[in-house]
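Assemble the whole structure, with the sequences as input and the hints as a guide.
Protein chains in written order, with our numbering: chain A, 362 to 559; chain B, 362 to 559; chain C, 362 to 559; chain D, 362 to 559.
Hints listed in this document are in silico derivations from the structure and should not be mistaken for laboratory results.
Note that the structure is a prediction, hence the values are computed from the model and not measured.
Among the hints, a few may not be true.
Copies of the same chain are indistinguishable here, so a pair counts whether it falls within one copy or spans any two.
The list that follows gives simulated cross-link-like pairs (lysine to any residue, SDA-like), each with its CA atoms no further than 25 angstroms apart [said to hold, decoys possible]: (1) K404 - F472; (2) K404 - D385; (3) K404 - S500; (4) K404 - A468; (5) K404 - H387.
Single-letter residue listing:
4 protein chains.
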Amino acid sequence: MGTGRLEAFSDGVLAIIITIMVLDLHVPDGDAGFGALHPIWPKFVSYVLSFIYLGIYWNNHHHLLHVTRRVSGAVLWANLHLLFWLSLVPFVTSWVGENHFASAPMALYGFVFLMAAIAYYVLQLALLTVEGPQSALASALGTDVKGKLSPLLYLVAIPMAFVVPAISGLLYVAVALIWLVPDTRMERAMAARREPSS
Amino acid sequence: MGTGRLEAFSDGVLAIIITIMVLDLHVPDGDAGFGALHPIWPKFVSYVLSFIYLGIYWNNHHHLLHVTRRVSGAVLWANLHLLFWLSLVPFVTSWVGENHFASAPMALYGFVFLMAAIAYYVLQLALLTVEGPQSALASALGTDVKGKLSPLLYLVAIPMAFVVPAISGLLYVAVALIWLVPDTRMERAMAARREPSS
Amino acid sequence: MGTGRLEAFSDGVLAIIITIMVLDLHVPDGDAGFGALHPIWPKFVSYVLSFIYLGIYWNNHHHLLHVTRRVSGAVLWANLHLLFWLSLVPFVTSWVGENHFASAPMALYGFVFLMAAIAYYVLQLALLTVEGPQSALASALGTDVKGKLSPLLYLVAIPMAFVVPAISGLLYVAVALIWLVPDTRMERAMAARREPSS
Amino acid sequence: MGTGRLEAFSDGVLAIIITIMVLDLHVPDGDAGFGALHPIWPKFVSYVLSFIYLGIYWNNHHHLLHVTRRVSGAVLWANLHLLFWLSLVPFVTSWVGENHFASAPMALYGFVFLMAAIAYYVLQLALLTVEGPQSALASALGTDVKGKLSPLLYLVAIPMAFVVPAISGLLYVAVALIWLVPDTRMERAMAARREPSS
Chain A
362 MGTGRLEAFS
372 DGVLAIIITI
382 MVLDLHVPDG
392 DAGFGALHPI
402 WPKFVSYVLS
412 FIYLGIYWNN
422 HHHLLHVTRR
432 VSGAVLWANL
442 HLLFWLSLVP
452 FVTSWVGENH
462 FASAPMALYG
472 FVFLMAAIAY
482 YVLQLALLTV
492 EGPQSALASA
502 LGTDVKGKLS
512 PLLYLVAIPM
522 AFVVPAISGL
532 LYVAVALIWL
542 VPDTRMERAM
552 AARREPSS
Chain B
362 MGTGRLEAFS
372 DGVLAIIITI
382 MVLDLHVPDG
392 DAGFGALHPI
402 WPKFVSYVLS
412 FIYLGIYWNN
422 HHHLLHVTRR
432 VSGAVLWANL
442 HLLFWLSLVP
452 FVTSWVGENH
462 FASAPMALYG
472 FVFLMAAIAY
482 YVLQLALLTV
492 EGPQSALASA
502 LGTDVKGKLS
512 PLLYLVAIPM
522 AFVVPAISGL
532 LYVAVALIWL
542 VPDTRMERAM
552 AARREPSS
Chain C
362 MGTGRLEAFS
372 DGVLAIIITI
382 MVLDLHVPDG
392 DAGFGALHPI
402 WPKFVSYVLS
412 FIYLGIYWNN
422 HHHLLHVTRR
432 VSGAVLWANL
442 HLLFWLSLVP
452 FVTSWVGENH
462 FASAPMALYG
472 FVFLMAAIAY
482 YVLQLALLTV
492 EGPQSALASA
502 LGTDVKGKLS
512 PLLYLVAIPM
522 AFVVPAISGL
532 LYVAVALIWL
542 VPDTRMERAM
552 AARREPSS
Chain D
362 MGTGRLEAFS
372 DGVLAIIITI
382 MVLDLHVPDG
392 DAGFGALHPI
402 WPKFVSYVLS
412 FIYLGIYWNN
422 HHHLLHVTRR
432 VSGAVLWANL
442 HLLFWLSLVP
452 FVTSWVGENH
462 FASAPMALYG
472 FVFLMAAIAY
482 YVLQLALLTV
492 EGPQSALASA
502 LGTDVKGKLS
512 PLLYLVAIPM
522 AFVVPAISGL
532 LYVAVALIWL
542 VPDTRMERAM
552 AARREPSS
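As structure tokens, then:
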């Protein structure tokens with residue numbers, strides 16, 4: 362089975378998740394001055410961070426499936442499992458934003474992304490089972506330093522939210538920055554194969 | 362007529378249905394402790410169950426159309442009929458969650474999925490009419506034990522909701538578990554045909 | 362320019378329009394009996410009718426673009442114009458349902474679909490300009506009896522909403538029934554060309 | 362890497378942005394007369410303008426990627442950056458509509474579209490880096506008068522919103538009109554290459 366429809370469905374779900382978060386940005390009725398924007402800045406900040414995280418997931422998902430040729434039933438479910446955790450992002454983003462980065466919401470924010478990171482790892486394993494250890498995918502994934510570092514940072518950030526929530530926030534920003542550096546592993550693996558077109 | 366756009370439209374609708382359900386998860390304003398999550402656990406549980414159900418439908422739909430080559434006008438309408446019943450899932454999920462698995466919402470939940478199961482069966486018939494009894498689809502569907510068992514379980518669960526709603530809930534979970542076992546009929550049928558690519 | 366991305370974007374917009382209407386179905390808080398469903402039956406009826414209408418539009422749009430090979434800038438805008446009127450369907454559906462099929466909402470409902478019908482006609486003209494009078498599209502469209510009859514029925518139904526709204530409602534149902542009969546013109550035109558695949 | 366999935370994701374996000382704006386059109390409960398529509402006309406006008414703007418972006422994005430053959434990691438992020446600013450359109454549209462084109466909302470409306478215009482320009486640069494100065498894209502973009510004029514008009518309109526908001530509104534309409542003229546540069550560039558199909 363090819364990857365086409367898996368990609369299309371994932372794109373659809375990610376596009377909706379990334380977009381419906383904006384429904385949570387609301388200016389109080391009847392206030393037409395810039396001051397009305399002040400109370401929603403925590404919502405806006407959490408929106409921007411979640412937008413970047415979801416962009417990273419879309420980006421990595423795109424790269425991952427680009428070096429994949431076939432999917433199995435296990436891959437379909439591993440992908441749905443990932444989408445499930447990502448579907449909770451608008452909920453935690455809203456809770457964080459409404460409560461100005463309070464401890465419990467900040468910890469839950471990290472937990473949802475920790476689960477998403479685990480789900481992404483499981484998806485990689487499911488794809489590797491289909492593709493085999495000699496595949497372009499296997500060589501492209503390599504040691505996967507970022508994929509192993511991110512969950513560790515979440516594991517530090519979650520308890521830290523109950524001590525100094527701001528440090529949790531900085532750790533979440535740090536994870537995003539780590540991933541914003543383009544994933545050249547995949548691009549190198551593809552270049553090495555000199556694919557004629559995609 | 363090919364299946365491409367039918368799949369694309371169905372993916373879009375299913376992606377939206379599965380994602381907008383999360384808009385119903387809301388923490389009471391101004392409560393930033395984990396205690397705030399307690400009142401929404403029934404909503405969360407019904408969200409998880411509906412997410413799995415919709416994932417199963419997407420998965421089966423994907424497999425079904427993968428062994429299909431052509432669609433007719435009747436198939437387009439049979440597909441829209443299925444999407445109609447699935448579009449009601451966010452509504453019943455919300456009603457079930459808000460009322461902590463009360464009798465009437467639990468019965469309606471089963472009714473909507475019963476109608477969806479019937480609609481899926483009708484879609485299979487419409488596809489078989491186009492593909493013919495010698496097609497890969499016909500041999501892939503075979504005896505369709507799961508497709509016949511699920512409506513029976515719904516028919517038990519719906520009246521049971523007025524006696525012991527918890528048993529209805531267990532039956533809904535049971536149906537989901539039955540389907541979570543991968544549908545190997547389709548994969549075997551495809552392997553038998555040794556399709557070069559998809 | 363091919364039709365692929367035009368179809369994908371239209372599918373996305375139509376999938377969202379058809380699905381977000383369900384967000385308007387809400388059971389009053391804290392009422393867990395079937396009686397709670399009674400006040401929302403007008404919303405449900407208008408939801409079903411609009412779902413069918415949008416299904417018809419998707420279906421016809423699918424057929425229309427299936428016999429089209431190329432699109433122009435004018436076609437892109439004619440298509441967006443159609444999507445604009447259809448994007449207002451959730452709004453009028455909600456207004457009709459909340460006010461139990463009162464005169465003004467029923468008239469506006471007809472007006473939005475009248476404008477959508479005109480937009481669809483303009484889209485056909487724009488496509489014919491690209492495809493030419495000898496194209497499969499031109500022969501497939503033929504005399505287009507349904508496309509000419511629907512606006513006439515809307516033109517009767519709109520003023521009728523201020524006399525007997527129920528008759529307007531019956532006329533809207535009648536238009537839907539006319540279109541539910543499959544559009545065999547397109548299928549015949551395609552069969553005549555014996556396309557090897559699509 | 363090909364442009365297929367980038368286009369699919371962008372189409373999904375743009376389709377959702379353009380459609381969820383309609384959720385903001387609400388008639389006051391219990392008012393079934395045409396008078397109920399009067400208070401929402403500013404919302405409707407801002408909806409129409411934003412719909413046209415987003416249609417222009419989709420249209421230009423479609424043309425831009427049509428003459429593009431490959432994308433890089435930088436292109437993916439430049440595209441997400443564009444989608445981020447466009448995702449704020451429902452928010453500013455709602456704020457403008459609720460406050461009847463007041464100064465601060467009108468200025469913010471221009472600011473969001475100014476940032477989107479800059480993001481679109483950055484996306485063009487990222488694509489040009491991949492495609493090279495001899496590409497069809499480079500010749501198609503040419504002097505890009507519209508792309509340079511629009512930000513200038515926004516830069517005039519934003520401060521003008523605090524003097525005469527109506528003039529800002531007229532400038533926003535003017536930008537839309539400039540773009541509604543089809544972008545024949547791309548179509549000419551494609552015709553020059555006589556692509557057999559797309």
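The hints, checked one at a time:
1. K404 - F472: Classified as both; 19 angstroms inside a copy, 19 angstroms across copies.
2. K404 - D385: Close inside one copy (8 angstroms) and across copies (18 angstroms); limit 25 angstroms.
3. K404 - S500: Neither, since 40 angstroms and 42 angstroms both go past 25 angstroms.
4. K404 - A468: both (16 angstroms within a copy, 21 angstroms between copies)
5. K404 - H387: Both. Shortest intra-copy (9 angstroms) and inter-copy (15 angstroms) distances satisfy the 25 angstroms Cα cut-off.
Hint 3 alone, counting from the list given before, is not met by this structure.
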